[in-house]
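Protein chains in written order, with my numbering: chain A, 510 to 702; chain B, 511 to 682.
No wet-lab data here; the hints were simulated from the structure. Keep in mind that a hint or two might mislead.
[To be verified] Among chain A residues calculated to face chain B with C-beta under 8 Å, some are:
(1) V512
(2) A519
(3) L562
(4) A618
(5) L644
(6) I648
[Unchecked claim] Some residues of chain B that are not near chain A, with every Cβ distance over 10 Å (derived):
(7) L543
(8) N585
(9) L587
[To be verified] Just the calculated beta-carbon pair ranges, DEER-fashion:
(10) A:G631 - B:V594: 17 to 23 Å
(11) B:L520 - A:V701: 32 to 38 Å
(12) A:T578 - B:L652: 15 to 21 Å
Note that the structure is predicted; figures quoted are calculated from it, not measured. For each residue, glycine too, the CB sits at the ideal point set by N, CA and C.
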Amino acid sequence: MSVREVAVEAYREALPALGASLLGGLLAGVVLGGMRAELRAVPGLLVLVPALLATRGNVYGSLGARIATALHQGFIEPRVTEADRRLYAAVAAALGNGILASLFAATMAFLVLTLLGWDVAGLATLLGIALVAGLLSGIVLTAVVVTVVFAGYRRGYNPDTLVGPVVTTTGDVFGILFLLVAVRTVLFVGGVV
Amino acid sequence: MLPVLLALTLVEIGSGLVLGGFEGSLLQYPSLLVLVPVTIGTAGNLGSILAARLSTSFHLGTLSFSPRDDELLGNALATVALAVSVFPVIGVGAWLLTTLLGETQLAVSTVLLVSLTSGICLAVLAVVVTLVATYAAYRFELDPDDVVLPVVTNTCDVLGVLVLFGAVQVFV
Numbered sequence: 510m511s512v513r514e515v516a517v518e519a520y521r522e523a524l525p526a527l528g529a530s531l532l533g534g535l536l537a538g539v540v541l542g543g544m545r546a547e548l549r550a551v552p553g554l555l556v557l558v559p560a561l562l563a564t565r566g567n568v569y570g571s572l573g574a575r576i577a578t579a580l581h582q583g584f585i586e587p588r589v590t591e592a593d594r595r596l597y598a599a600v601a602a603a604l605g606n607g608i609l610a611s612l613f614a615a616t617m618a619f620l621v622l623t624l625l626g627w628d629v630a631g632l633a634t635l636l637g638i639a640l641v642a643g644l645l646s647g648i649v650l651t652a653v654v655v656t657v658v659f660a661g662y663r664r665g666y667n668p669d670t671l672v673g674p675v676v677t678t679t680g681d682v683f684g685i686l687f688l689l690v691a692v693r694t695v696l697f698v699g700g701v702v
Numbered sequence: 511m512l513p514v515l516l517a518l519t520l521v522e523i524g525s526g527l528v529l530g531g532f533e534g535s536l537l538q539y540p541s542l543l544v545l546v547p548v549t550i551g552t553a554g555n556l557g558s559i560l561a562a563r564l565s566t567s568f569h570l571g572t573l574s575f576s577p578r579d580d581e582l583l584g585n586a587l588a589t590v591a592l593a594v595s596v597f598p599v600i601g602v603g604a605w606l607l608t609t610l611l612g613e614t615q616l617a618v619s620t621v622l623l624v625s626l627t628s629g630i631c632l633a634v635l636a637v638v639v640t641l642v643a644t645y646a647a648y649r650f651e652l653d654p655d656d657v658v659l660p661v662v663t664n665t666c667d668v669l670g671v672l673v674l675f676g677a678v679q680v681f682v
């Protein structure tokens, strides 16, 4: 193929997935834009945002890829009702990794900001936010990834090409949305206690 | 999985620090804050799409690391073309959404300029990072599918924040 043909094919194949994740990213941005009060109330929260979003993509993208591979190899059936221990183990590992990485991000952000002498919220506040956000977004993303990969596979789509765009799009939106829920919850509990 | 995940998390904290460094401008102009997730995400996507395609060509044996290779040039060109078509939509979209919420303070041209400039820089950087990572995987005989994708996605995340920071410094 000539350079032009390669370029046109690559462009056509990528545009739909890029467009879908663009919509998700803008939605996530609107929620983040509406979170300015919370970002001011919890100094250091903005520093956590890229790490939390990337964790969602890394962990649940890998979960989706694992499920897709297991489907291709015939190790699991594409039905939630017939889910076996293999699927439960993969989901449990993903949730565990996601929450651990979120807690690690909160601890590191707190340490680095304290060392730099920047204004930062208490460690307990950041850990609480990371835990609630990691747990809630993990549950929803697992459900989305499993459902989309199974449904896509049953309808004859290659789950490998579905996972990437689905995880980046829903990961951004739910990642930020549950971050907002987590901040409000932790600030509310902190205010009551 | 966990050690790699924690290492990538550290890298992302680095990009978080850059965001923290211009938190003032971001909180003052909500249009810019709206740009953050979508710019990071699109940069990562441009890199990962290119990495996946190069990795497939590499496995099929149709890729050679020559500056005159058709696959290489065509894919690099497509990445820049995708950025040029997508980032104006991102800029205008971010401005429009902030305006609908009645919070905008920046002119649409400023947001468009920030977004398009960041996009073109990021496309070029994504091409460079992906080529270097794919070539390194080839030299060290690693499977590009395992190594290149996470490295490229997370590097592009960090570069996304850095380039956005630079564009905001220049244009806002």
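Hint-by-hint comparison with the structure:
Residue-level restraint check for A:V512 holds (minimum Cβ-Cβ distance to chain B is 5 Å; threshold 8 Å). For the restraint placing A:A519 at the interface with chain B, the shortest Cβ-Cβ distance is roughly 4 Å, inside the 8 Å limit, so the hint holds. A cut of 8 Å between beta carbons decides the hint on A:L562: the least distance to chain B is about 7 Å, and the hint holds. Given hint, A:A618 at the interface with chain B, holds; its Cβ is 6 Å from that chain's nearest Cβ, closer than 8 Å.
The interface hint given for A:L644 is violated, since its Cβ lies 17 Å from the closest Cβ of chain B, which is over the 8 Å cut-off. The beta carbon of A:I648 comes no nearer than 19 Å to any beta carbon in chain B, farther than 8 Å, and the hint placing it at the interface is violated. The beta carbon of B:L543 is not kept farther than 10 Å from every beta carbon of chain A, the shortest such distance being approximately 5 Å. Consistency note on B:N585: stated as away from chain A, yet its beta-carbon is not over 10 Å from all of that chain's, at 5 Å minimum.
With a least beta-carbon separation of about 4 Å from chain A, B:L587 fails to lie farther than 10 Å from that chain, contradicting its non-interface assignment. Restraint check, A:G631 to B:V594: a C-beta distance of roughly 45 Å breaks the suggested window 17 to 23 Å. Separated by about 34 Å at the C-beta atoms, B:L520 and A:V701 satisfy the suggested range of 32 to 38 Å. Checked against the hint of 15 to 21 Å, the C-beta distance between A:T578 and B:L652 comes to roughly 19 Å, which is consistent with it.
Checked against the numbered hints above, the structure breaks hints 5, 6, 7, 8, 9, 10 and satisfies the rest.
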